[in-house]
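A.B. asks: Sequence:
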Amino acid sequence: MNANRWQRTGFGLGGLAALAALFLGIVMLSNLGLRGMRLDLTQNRLYTLSPGTQQVLAELKEPVNLNFYFSRDAAANHAPLIMPYASRVREFLEEVAARSGGKILLRVIDPQPFTEDEDHAAEAGLQALPAGAGADTIYFGLAGTNSTDGRAAIPNFQPDREEFLEYDVAKLIHELATPKKPVIGLLSSLPMQGQFNPMTGQMGEQWPILSQIEQLFTVRTLAADLDHIDKDVDVLMLVHPKQLPPKTLYAIDQFVMRGGRMLLFVDPDSGADTSGQDPSNPFAGATAKHSSNLQPLLSAWGIDYDPGKVVGDLTLGLEVRSSMQAPPTRHIGILGLHRDDMDPKDVVTASLDVINVATAGFLSAHPGIKATIEPLLRTSASAAPIPAQRFNALSDPASLRDGFKSTGTRYALAVRLTGPLSSAFPQGAPPDQKPVSGPPVAHLSQSTVPANIVVVADTDMLMDYMWVQTRELMGQRIAQAFANNGDFVANVLDNLSGSSALISIRGRATFARPFERVEALKRQADDRLRSKALELQTKLQQTESKLTELQNKRNDQASLMLTPEQEQELKRFTTEKARVRKELRETERGLDVDIDRLSTWLKVLNIALAPLAVAIAGVIILALRRRRKSSAAGSP
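Residue numbers 718 to 1353, in the numbering used here, belong to the letters of the sequence shown in order.
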C-alpha cells in the first residue's frame, strides 16, 4: 500500500514537473514567435498612436533626439504617486521611438544629484520639482534636440494633462522638425499696437496680448484693403473686422478655401472700439453701435451670428463699479467663465481655469451645415440674449436684470469650425476685383482640405482690464495675469499653426482608470446590506441599554438581589447581545465578499489565463511560420 501510494505521488509530482516544463517551453517559443509584435489590449487604446502622430513621425526628414529625464529613486522615496504616470510616459515614448523608423533616438536618464546629467537637465530647460525639506529634487520632463542645434522641452509632465500627453510629445517633435516660427497675419480695426494720445502727444503702450503673441510667433500686420494673403501666412488673425471691402473678403475666403487657418474675433458691442465712448467709464458702453461681423463669409460657412445681440448670464456675471464712487454691482454682460464653461476635450481650453469676456455675442450652427461646430466657451444655463442697444450709455448695470428671463440654453461664445466649406463667392471674384500680381490663382468654390477655424464672439477679452494688471517696476512695465485670456489666444494660435496632423490630435483617455466594477459592487453590497447592518446596530444598542439598566438594579443597595425573572431576563439579553454582535460582524464581512471574489478571478486571469493565451498564440504563429518555410523549401 505504501509503495503504491509513493508511486502515485511520484507520478503526480512528475506530472506537475512536466506541466511546468511544458509551460516554460511554450513561453520561450512564444517569445520567439511574437518577437517584434505589439498588441494594445487597453480599452481606450492608450498605447496606439493616433493617425496624426503617425503622420508627424512619417514626415520626419532628420533624426530627433529625445532625452527623458526622470529621477526615479528620488520619486520612489518622496513622490510615489507619480510613479505610475512616469511609467506611462516612458512606455509611450518607447512606443513613439519604435514607430519612428529609427528617426526618434530616445534616451532614458535618471539624473542623480550633483552629476552632469542633472546639470544637462537644468540647461535643457527642465524644471526640478521640490520633494520636500532635505530631499533631492525630482526631474520629470523631456528635452529634445535636432540636427541643427534646435531645442525644445517639456519642463515637467503634469498628471492633470495626461489626456494631452500624446499631443504635447507630438508637438515637441513637430517643433524640432520645423524650427521656423509660424507667421501670424494680423488684421485688426482695434488699436492693439498702441493708440496716439492727444493729451500727451505720444503713442500708447502696445496691448499685452500682442506682446505675448510676438514672443511666440512672427506677427505680420495686414492692411484692411488687401487683395490677397501671402502663402507663407500660417494663421490669419482677424480682430473686429468692420466694413471690409469685397476684395478683402474675397481674399480671406480664398485663403480659407486653400486650407488656411483662421482665428476670428467679432463683437456685437466692442468696448475697445472707443469712438464716442467716455474713457473714464469703460463699462458704460459706446454712444453709437460698435459691432463687427464677417458677412457674407460666416453665413456661407455655416455659422449663425447676430451682431445686434449680447448674451447675458445671471450665474456668471461679475461685479463691477460703474464709477469710483459707486458700490460694486453685478453686471450680467461681463462674464467670468470657469472650467465647467470650457470644452475639457479640446487642447486649447482643457488646462485653463478662468476666462473673462464682456458684452459678448453668441454663435450657433446653421441648419444643414456640412462642417462641424464644437463649442469651446459657453455660458451657463441662466443666460439669454439682450439687445446690444441696451449697453449704449449704460449707467447702471443692475438695470440689465430688469425683465431678464433665462432661456435655459447654454450659448456658445467661442467655437471651432472644422470640415468642408463652401465659398461665399460661388461665382468667382467680385466684379471690381483687380488681377493679383504674379501667376494667376484659380478660384476655389470648395475648400481643398478640411477647414479649421476658431471664432470668438468677443473682442473685449483681448483688452488689458479683462485679464492682466500692469505696473511699473524699476522703470519697466510688468504685466501680471489674473485670468487665462492670453493663454487661450496663444493656445489657439499654437494649435492652428501646427500641421494638419498635429491639429487632429485631441485629448486621449487617461491611463489611470477607476475600478468601475469594484465601485459598482461596493454600491450594490452597500445598498443590500447596509440597511441590515443599521438595523442590527440599533438592536444592539437597545440590548446594551437594557443590560445596563439591569446591572444598575443589581448595584442598587435597595435591591441587592434580582428576582428569578430578572435573572432570566439578564441572561436572555446577554445571549441576545452576543448573537447580534456576531450577526453584525458577519454582515460587515459580507460587504467585501463579492469584491474578494472578483479579486480572485482577476488574479487567475492575470497569473494563468492571460500568459497561457499569449503562449498559445505564439505557438500557433510559430507553427504557421514553419509551415510557410517548409512549403517554400519544398516548392521547385
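A portion of the hints provided could be inaccurate.
[What the hints assert, rightly or not] Think about it this way: if two alpha-carbon atoms lie no more than 25 Å apart in a straight line, the pair counts; the simulated SDA-like pairs of lysine to any residue are:
id, residue 1, residue 2
1, 1122, 1139
2, 964, 932
3, 1299, 1328
4, 1026, 1148
5, 898, 949
6, 1087, 1148
7, 948, 1265
8, 897, 1026
9, 959, 1106
10, 948, 964
11, 959, 1299
12, 964, 898
13, 964, 944
14, 898, 808
15, 948, 1083
16, 1299, 1262
17, 964, 1017
18, 897, 1218
19, 1122, 1137
20, 1026, 948
21, 1026, 1167
22, 959, 768
23, 898, 1139
24, 1062, 1262
25, 897, 1013
26, 959, 1036
27, 1087, 1036
28, 1087, 1023
29, 1062, 768
30, 959, 1023
31, 964, 885
32, 1122, 1255
33, 1026, 1159
34, 959, 1149
[To be verified] Per label pair, the in silico range of CB-to-CB distance:
id, residue 1, residue 2, range
35, 1188, 945, 38 to 48 Å
36, 920, 959, 51 to 61 Å
37, 834, 811, 35 to 45 Å
38, 1012, 834, 54 to 64 Å
39, 1116, 1186, 24 to 34 Å
40, 976, 1098, 34 to 44 Å
To be clear, the hints were calculated from the coordinates, so they are not data collected in a lab.
We treat Cβ as the ideally placed atom computed from N, Cα and C, and that holds for glycine.
A.B. asks: Each hint should be assessed against the structure and marked as holding or not.
C.D. replies: Here is what the structure says about each hint:
1. 1122 x 1139: violated (37 Å)
2. 964 x 932: violated (31 Å)
3. 1299 x 1328: violated (42 Å)
4. 1026 x 1148: Violated, at roughly 33 Å.
5. 898 x 949: Holds, at roughly 11 Å.
6. 1087 x 1148: Measuring from Cα to Cα gives roughly 28 Å; hence the hint is violated.
7. 948 x 1265: Violated, at roughly 92 Å.
8. 897 x 1026: Cα-Cα ~41 Å, so violated.
9. 959 x 1106: This hinted pair holds, its Cα atoms lying about 18 Å apart.
10. 948 x 964: Holds: residue 948 and residue 964 sit about 17 Å apart, inside 25 Å.
11. 959 x 1299: violated (81 Å)
12. 964 x 898: Violated, because 29 Å separates the two Cα atoms, which is more than 25 Å.
13. 964 x 944: holds (5 Å)
14. 898 x 808: Judged against 25 Å, a Cα distance of about 30 Å means the pair is violated.
15. 948 x 1083: violated (30 Å)
16. 1299 x 1262: holds (18 Å)
17. 964 x 1017: Holds - the C-alpha atoms of residue 1017 and residue 964 are around 16 Å apart, at most 25 Å.
18. 897 x 1218: Cα-Cα ~17 Å, so holds.
19. 1122 x 1137: Not satisfied, since the Cα-Cα distance of roughly 37 Å exceeds 25 Å.
20. 1026 x 948: The given pair, whose Cα atoms are some 36 Å apart, is violated under the 25 Å limit.
21. 1026 x 1167: Since the Cα atoms of residue 1026 and residue 1167 sit roughly 30 Å apart, the hinted pair is violated (cutoff 25 Å).
22. 959 x 768: The hint is violated at about 40 Å.
23. 898 x 1139: At roughly 30 Å apart (the allowed maximum being 25 Å), residue 1139 and residue 898 break the hint.
24. 1062 x 1262: violated (58 Å)
25. 897 x 1013: Violated - the C-alpha atoms of residue 1013 and residue 897 are around 34 Å apart, more than 25 Å.
26. 959 x 1036: violated (30 Å)
27. 1087 x 1036: violated (40 Å)
28. 1087 x 1023: holds (21 Å)
29. 1062 x 768: Given pair residue 1062, residue 768 holds - Cα atoms ~18 Å apart, limit 25 Å.
30. 959 x 1023: Given that 25 Å is the threshold and the Cα spacing comes to 14 Å, the pair holds.
31. 964 x 885: violated (39 Å)
32. 1122 x 1255: violated (50 Å)
33. 1026 x 1159: violated (38 Å)
34. 959 x 1149: holds (20 Å)
35. 1188 x 945: 38 to 48 Å: For residue 945 against residue 1188, whose Cβ atoms are near 42 Å apart, the range 38 to 48 Å holds.
36. 920 x 959: 51 to 61 Å: violated (22 Å)
37. 834 x 811: 35 to 45 Å: violated (19 Å)
38. 1012 x 834: 54 to 64 Å: At roughly 59 Å between Cβ atoms, residue 834 and residue 1012 fall inside 54 to 64 Å, so the hint holds.
39. 1116 x 1186: 24 to 34 Å: holds (29 Å)
40. 976 x 1098: 34 to 44 Å: holds (37 Å)
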